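Participant: As they're listed, the protein sequences go chains R and C.
Residue numbering for the first sequence follows this note's numbering, beginning at 1 and increasing consecutively.
Residue numbering for the second sequence follows this note's numbering, beginning at 1 and increasing consecutively.
Treat the hints loosely; a few may be bogus.
Here are some, though not all, of the chain R residues that point toward chain C, as calculated from beta-carbon distances under 7 Å [said to hold, decoys possible]:
1. Ser57
2. Val61
3. Arg76
4. Pro182
5. Ala269
With a straight-line cut-off of 27 Å between C-alpha atoms, the simulated DSS-like cross-links for lysine-lysine are [claimed, not checked]:
6. R:Lys132 / R:Lys79
7. R:Lys62 / R:Lys299
8. C:Lys94 / R:Lys79
9. R:Lys132 / R:Lys227
10. C:Lys94 / R:Lys227
11. R:Lys43 / R:Lys79
12. R:Lys162 / R:Lys175
13. R:Lys162 / R:Lys123
14. C:Lys94 / R:Lys35
15. R:Lys297 / R:Lys227
16. R:Lys62 / C:Lys94
17. R:Lys175 / R:Lys43
18. R:Lys175 / R:Lys123
19. R:Lys288 / C:Lys94
20. R:Lys43 / R:Lys288
Sample of chain C residues at the chain R side, in silico, Cβ under 10 Å [as the list claims (entries may be wrong)]:
21. Met1
22. Asn10
23. Ile14
24. Gln18
25. Gly20
26. Pro80
27. Ser89
28. Gly93
29. Asn146
30. Cys157
FYI, nobody ran anything at the bench for these hints, they're computed from the structure.
These numbers come from a predicted model, not from an experiment.
Built from N, CA and C at the ideal position, the CB exists for glycine as well.
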Amino acid sequence: MANPPFKPGPPFQEQQAPYQPFPPVELGANSGLPKQPDFDKDKQFYSAGYPIHISQSSGLVKRCEPVITPQLLISRYLKGIPLAFPNGDSYSAEDVKDQIVLATNEVEIMCKITINREQFTDKVPFDINLYKSFIFLKTEQNPILAVQSVEIVSSDGYNVFKIPGAWLEPSNFSKGIVNVVPILGAYSVATGGGVGAYGGIPYLNVFSSLTFVPGFWQIVYQTGTSKIEGQYPVVINDLIGMTAAINMLSVITNMFLTTSQSLSRDGIAQSSSGPGPRMYLPYIEELKAKRDILAGKIKATFATKFLISNI
Amino acid sequence: MRLTSVPIINFSDINDFQTGSQWTIRATDPNTLYYQLFDLDNQNTASPASYYPLNGGFFNAAIQTLPQRYIPGVGTSNQPFSMTVTFPSLSVGKTLTFNATPDPYDGSVWSITLPGYTNTAQAPASGNVIFSLTQGTSTVTWVVSNMVAVENTNQGCC
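The shape of chain C in the complex, shown without the other chains:
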């Protein structure tokens, strides 16, 4: 099981959101960031199948496959479960870790809440995001590259 996270943008409710390639935030703004879990090792062919061609079309193109979403905490052996989201940093004390909260209606959708930072140096930095999911006694960790882009107010120097 290799899990990954797909960033969600424009989340209104569990039936109204879009997935994106990364979160784009401003360093000093408070934000709630949503993401959905997928299992890369559990690829199903076209879900729902009727929306995709039965063959690869011309030139034998591969049939499109999609990873299935993953809902943590299913089954007694996967209890209790929790997830953290980490924005890494090279510097001491600058790595930020947040406890994520599952959506009450869809356990594959999680969110974290960032406070507004008055000092941009304390805000998360653009780049990779590290996820860690604990279910029962098992913990899995994965990295999503360039998942967050953080815009600063003064872009004249860095």
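Looking at chain R on its own, in the form it has when it is part of the complex:
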């Protein structure tokens, strides 16, 4: 069954958000509920998602690819490493695929980013100091690819006031920052952009007497590291691959039980020794160190590590 058009989420019922306000808000101008995104029309900066702010690419350097495959994971990080265990178990392609799913989720939490394009709805508080700084709004999720709406919406889903899309400044979307710059809209009024869409400036002045209001601005936006669905930056795949490899190696290395063996018979003896369970620990440590550095760089690229405000 198709979704009612005002409901959030992809067009499959089981993937929708579990809560809808009651009584239901009628679809129409008064509805402040998130609508299904239309990425071609939602407000965004005129550049790709990765590299940040790139507007044209020669294509000579590969920076994007589909999600890492089991074959690619083994080729990049696990060459020469046995994926079978003494008891007959082994990592199948499906098992490796599952490890990639686990690692993808780990990376999202670790870097506080959304890898694939998803839609979110935040309620950001009203802060008079941030309000005076061109309504500086920081979203919970990073990096923003497109903003569908910035509105004042009542807790039961009714739209009170919507900020025109022309006022939204998209150049800091990649850092999870939305600014409202009505001056630019006012200029376009002067150049014939029309008055109706920009009639809210006097309305915004009303709020200057407030200091702090929780859950004031409702922002509906899409985040992700790529504007092309299903494409991941190579560095993200690198991080996913390393995380999956570390998880798999942690299991594999414990299968090397013995550190030394000796065999003697009738005066002839042979002995050997090895690292035992520490077999792959140096490689794991190396991967962990590299992963931590890369995770830090990715966080710095796709998110803001700090927020300055006036308290």
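Position chain C against the provided structure of chain R, taking the given hints into account.
Facilitator: What follows is chain C alone, placed relative to chain R:
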């Protein structure tokens, strides 16, 4: 009954194909994508049994089991039957749904045909694929994660 789909690559005819972990396609190329249905709740031990060990070998390893293939539309209560394959998308109008066609010689093998897309934004995206099978009045739906990888021509940015 929990069905799943296994992608088929290098399909020549019903006696000559290989299964893979995912389809890899190029966004602008026309493609016929094949897959085979399996029932995850109907696991049989080693089919054909003579090819697998009778016990788990050392350390009591589990005996290898394989899900049985599933042929839709068997029996009068399962008529009529049809199947769709969906490539989901977050955006309005970008979700692509195709009607699948069963192989005339093996009803567990199905295929869909993708046209060549001149605009890569209209092509399916890499990731999960959703299958929906209707038999009589019953419809079952399942998702196969990361079943398709789509390569783009310009890989310099995304």
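Participant: A separate judgement is required for each hint: does it hold in the structure or not?
Facilitator: Against the structure, the hints:
| no. | hint | verdict |
| --- | --- | --- |
| 1 | Ser57 | 3 Å, holds |
| 2 | Val61 | 6 Å, holds |
| 3 | Arg76 | 15 Å, violated |
| 4 | Pro182 | 28 Å, violated |
| 5 | Ala269 | 26 Å, violated |
| 6 | R:Lys132 / R:Lys79 | 56 Å, violated |
| 7 | R:Lys62 / R:Lys299 | 21 Å, holds |
| 8 | C:Lys94 / R:Lys79 | 38 Å, violated |
| 9 | R:Lys132 / R:Lys227 | 31 Å, violated |
| 10 | C:Lys94 / R:Lys227 | 13 Å, holds |
| 11 | R:Lys43 / R:Lys79 | 44 Å, violated |
| 12 | R:Lys162 / R:Lys175 | 23 Å, holds |
| 13 | R:Lys162 / R:Lys123 | 14 Å, holds |
| 14 | C:Lys94 / R:Lys35 | 15 Å, holds |
| 15 | R:Lys297 / R:Lys227 | 20 Å, holds |
| 16 | R:Lys62 / C:Lys94 | 25 Å, holds |
| 17 | R:Lys175 / R:Lys43 | 15 Å, holds |
| 18 | R:Lys175 / R:Lys123 | 18 Å, holds |
| 19 | R:Lys288 / C:Lys94 | 38 Å, violated |
| 20 | R:Lys43 / R:Lys288 | 38 Å, violated |
| 21 | Met1 | 18 Å, violated |
| 22 | Asn10 | 15 Å, violated |
| 23 | Ile14 | 23 Å, violated |
| 24 | Gln18 | 12 Å, violated |
| 25 | Gly20 | 8 Å, holds |
| 26 | Pro80 | 20 Å, violated |
| 27 | Ser89 | 6 Å, holds |
| 28 | Gly93 | 8 Å, holds |
| 29 | Asn146 | 6 Å, holds |
| 30 | Cys157 | 4 Å, holds |
Violation of the numbered hints given earlier is confined to hints 3, 4, 5, 6, 8, 9, 11, 19, 20, 21, 22, 23, 24 and 26; the remaining hints are satisfied by the structure.
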